[in-house]
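Take the given structure of chain A and dock chain B to it, following the hints.
Here is how the chains run, residue by residue.
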Amino acid sequence: MAPVFFAFRLMVGLGLLMLGQGVASLLLRWRKRLYISRRWLWACVLMTPAGFLAMLSGWTVTEVGRQPFTVYGLLRTADSLSSVSRAQVVGSTWLILGFYLLVFAIGLWVLLRLLREPPHRGEAGPQPTLPDETGGS
Amino acid sequence: MDTDITTLLCAAALAFSVMNYVLLDGTDLGVGVLLGLTRRSDHRRAMAVSILPIWDANETWLVLGGGGLLALFPLAYAILLPALYLPFILMFLALILRAMALEFRDHAPNERLKRAVDGVLLGGSLLTGVAQGVVLGTLVQGVPNQGGQYTGNGWEWFGPFPLFCGLVLVCGYAWLGACWLYWRTVDELQQHATRQARVLALVTVGLLIVLVVWTTTLHGQYARRFASPMIGLPAGLALVGLLAGFIWGFRSRFHGMPLFAALGVFVLAFGLMLAALYPLIIPPELTLQAATSSAHSQIFMLVGFAVLVPVTLVYNTYGFRVFSGKIRVPPHH
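Which chain is which? The protein sequence lines are A and B, in order. Using our numbering, you'd call the opening residue of the first sequence number 1 and step up by one each time. Using our numbering, you'd call the opening residue of the second sequence number 1 and step up by one each time.
Just chain A, with the same shape it has in the complex (with noise of 0.2 Å):
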């Protein structure tokens, strides 16, 4: 059970660490310090994947730490396994997985485009024709 300890762990750890950063940046504010202090700021940038790694790893710990039971205590994997055919299984995974990957590097390079750009004054609001445009009443 391996991957359950870790993976609680990790979820774990991570959620306090996240409950920190928040607690963290109250003090800051309330110091005046949030927007300048650069400790501070390079620590946001190190948590960023941090709700990403949470959420899988909470992942694995439900669909691991479950295990051998698809609903806990009355129906064991074996016995809910389907009739869909082996070939149909194999492939569909490849797929989702191929899926994931793409969407996911597609999400990061539009994220990270986002990013690249840093905020300046007078940055432009929305245009006043905005609502013609998306029919907005």
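Be aware that one or more of the hints could be misleading.
Not the full set, but computed from the structure, chain B residues with beta-carbon under 7 Å of chain A [claimed, not checked]:
(1) V49
(2) P82
(3) Y85
(4) I89
(5) L93
(6) F104
(7) H107
(8) G148
(9) Y150
(10) G154
(11) F323
(12) G325
(13) I327
(14) R328
I should point out that these hints are in silico values taken from the structure, not numbers from a laboratory. We put the CB at the ideal spot given by N, CA and C, even for glycine.
Below, chain B alone, put in the same frame as chain A:
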């Protein structure tokens, strides 16, 4: 075995969810298809904008339908899902691609890449529509099962009848999409949508009539139901009325008229399918009553539906109301 009233209510709740899904998401899937076939980039943007605020709310009905089938008719779920494994997987992957293309097309750094993204949107919308038609066609055709287990080879859906249903549904979706664009846009784009809507109406209704005739050859029960004066006659009259409404709708000051007439044709076709199937949930033999879950689950789910359906309807309506104005393509710079 008769169908008891609770089971009937459950079937009605499920049918209502699936129908709402087809009507709502069908329309924005159709817009996705037409968008992919449009050349002008300012028109494509306006078309994307017209469905951006509402497409994902439309898809909540799919979740309700899937969850409802599992909880209300577990036996049907256990037979249908393995039988339709590939079309369902392809449909979900297509929905993911389509959502990504639609939401991120504005982030494409240049026109060439944006065209590629719109190609993905076209492919995803087409595949989703075809897969859904294939699912319905396979259901109507019948799924081999015994003792609550699916006994086919996993490829019954890859036959002429289900694939034809895929074609009909995707044409119908494009028709809904064109009517939607007629409602929501002005000027050139609206005129374009008018022509598309008229052509697609002809194609869809023609295909639909072929489909009804083909359906009657599948099982004796279908032929008897469609031939019955209680079903065939009112359905024929309703079709004529709706098509008259569609044609006349382009003269109405309310530009949503053609869309509502087209949606009416969809409701009619869906109703005919239910009338042919009843009391079966999976032909050739599995009845609603035999596939139903325990009385406790039924009541629990019905209470859930009684809360969820009105809430979902309200937020669907609110979303449509907020973005109910005409979409204007900005002039060239």
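Any hints from earlier that this structure breaks? Give me their numbers in increasing order, please. 8
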